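Peer 1: Protein chains in written order, with this note's numbering: chain A, 1 to 264; chain B, 1 to 264.
Just so you know, the hints here were simulated from the structure itself, not pulled from any lab data.
Restricting the straight-line Cα-Cα distance to at most 30 Å, the calculated cross-link-like pairs of lysine-lysine (DSS-like) are:
| no. | chain 1 | residue 1 | chain 2 | residue 2 |
| --- | --- | --- | --- | --- |
| 1 | A | Lys115 | B | Lys160 |
| 2 | B | Lys160 | A | Lys194 |
| 3 | A | Lys194 | A | Lys74 |
Not close to chain A: a few residues of chain B, all C-beta gaps over 12 Å, as computed:
| no. | residue |
| --- | --- |
| 4 | Leu13 |
| 5 | Gly16 |
| 6 | Phe27 |
| 7 | Ser37 |
| 8 | Ser52 |
| 9 | Leu81 |
| 10 | Glu100 |
| 11 | Ala117 |
| 12 | Gln212 |
| 13 | Arg250 |
None of these values were measured; they are calculated from a predicted model. The beta-carbon is built from N, C-alpha and C at its ideal position, and this holds for glycine as well.
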Amino acid sequence: MSDAIEAARPLIAAQALCKTYITASGASLLAVDRVGLSIGDGELVTIVGPSGCGKSTLLRMIAGLDEYSEGVLKLDGTPITGPSRDVGVVFQSANLLPWMSVRDNVALPLRVGGKHTAETGRVDRLLEMTGLGEFGGRYPYELSGGMQQRAGICRALARDPRILLMDEPFGALDALTRERMNLELQRIWQQSGKTIVLITHSISEAIFLGDRVIVMSARPGRVLRDIAVPIPRPRSLDTIIAHPAYGEIAREIRGLLNAEGTVD
Amino acid sequence: MSARPHSGPNGSLIAGLGTLVLLAAWFAAVRFLHVPSYILPAPEAVVRALWSGLAVNPASSLGYYLPLWSTFSNAAVGFLLGCGLGLLLGSLMAEFITVEKLVMPYAFALQSLPKVAIAPLIVIWFGFGDGSKVAISALLAFFPILINSFTGLRSVEPEKLDLMRSLSASRLETYWLVKLPHAAPFIFAGLDMAVVYALLGAIVAEFLGAQQGMGVVITQAQAVTDVAGVFAALVILGVVGVVLHSTVRRIEHRVVHWGHRGKK
Ligand SMILES: Nc1ncnc2c1ncn2[C@@H]1O[C@H](COP(=O)(O)OP(=O)(O)OP(=O)(O)O)[C@@H](O)[C@H]1O
Ligand SMILES: [Mg+2]
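Extracted from the complex, chain A is given alone in its bound form (with noise of 0.2 Å):
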């Protein structure tokens, strides 16, 4: 895959975007300012920033979840108005409905929305590709944590959107499953050539993963900086710690979080 210099026509564009909450006392909260992103097709952008800076804001108007105040979004050219069949949404909890199965849940995006799509063992083939096979038929809560997140992430890939957005899908996960599914994430990555904007606190994870790490300030939310990291793919956990761009690339984000005040 070589390096995507896609910039003619970016997959996702913010300009200038903005967006001001109205708190439950009337106050107006600038929660995204100015927000500029240029996302390509088949990109892994990886977002890292403080705690409550926007990064889920900015997400979810992304996924066309929350209405932005100001700016331009577009995704392919076209602005933003509400959910797309394009997008796929990880949440940060898996968020799976305890009432259906694995495989039902997994199938939701085909039984709703309209357009009803054929399954034609789409399903199955995704659950066999996270390593779910077995559990098509069990409940969510049979399942562990690392298992349930699996199983949100195939739901989003039900559809086959073109882009994926991920809330820190990691966050709930112990160090060792977390390490595992960052590399079944870049294995599905590089397999489906799908874009995917990343929400992480983790700063080895946003390297790791991304293509391109995007720092936010503190609130209100603004790119701090846009980071590219040229190591080359597939990447190892045990690699890529000791490839020199590595480290200073580390080095550079853990700057800038501290520089506004906040460090995970």
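Dock chain B with the ligands against the given chain A, drawing on the hints supplied.
Peer 2: Only chain B with the ligands this time, still in chain A's reference frame:
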């Protein structure tokens, strides 16, 4: 979990012992303390009354079967009617703010009114026949379902609603696949109350004057100070209540299967 009290063979042993002690105390009170039989009839007298009501041709007007059927069938129709309307209105209130704003003040006012107090009015409207029994049962069953379904439907986690929104699911799909299953435990808790209330409603209607039913059996026994007969009828109603209650619980365990086997 293994040390949970009131469950397992130990629990039923304790319950059985308790019943024995209670019966012995009852027996002793009548035998040795000479409590008069118009206050507390001897256990044998109650058993005799029970037997004379049970060991008859089911079609005989002397037995419990006809009155019990009359009370039960009317309570059942009232239960279904009340629960159906309660769920319908609860759903409309949860889905449409306008309906909520319109109905909520009345619902709360009626909720805090002791509803059996309306029973005489209903008898005026519906007469002394089955209509009144059904109507009062329905009225009493209606409110717990209304309140519980409304509360349950409104308490869905926002993340699950975001999921459905991100899939462009229709309102009906979201209601059917997410809100209603989420509300199921609430609704069953309501059904558990409603099933007993419906029985209560039918009995109250019968107290106010009816041709047949367990309420009539009780008032007739009371008219001739047949306290043993009253006790026997209460035993029958108690058994029916327990059976209905445990039936609802059994159905709930089957339907809300995800709520009982550990949570995630
Ligand atoms: N619905 C809302 N109404 C009002 N304010 C909100 C709302 N949602 C978020 N905010 C505020 O907007 C800011 C950004 O929130 P957001 O959830 O995007 O942060 P975040 O970067 O994802 O944080 P974290 O890393 O902790 O998840 C926060 O200060 C938050 O309090
Ligand atoms: Mg967040």
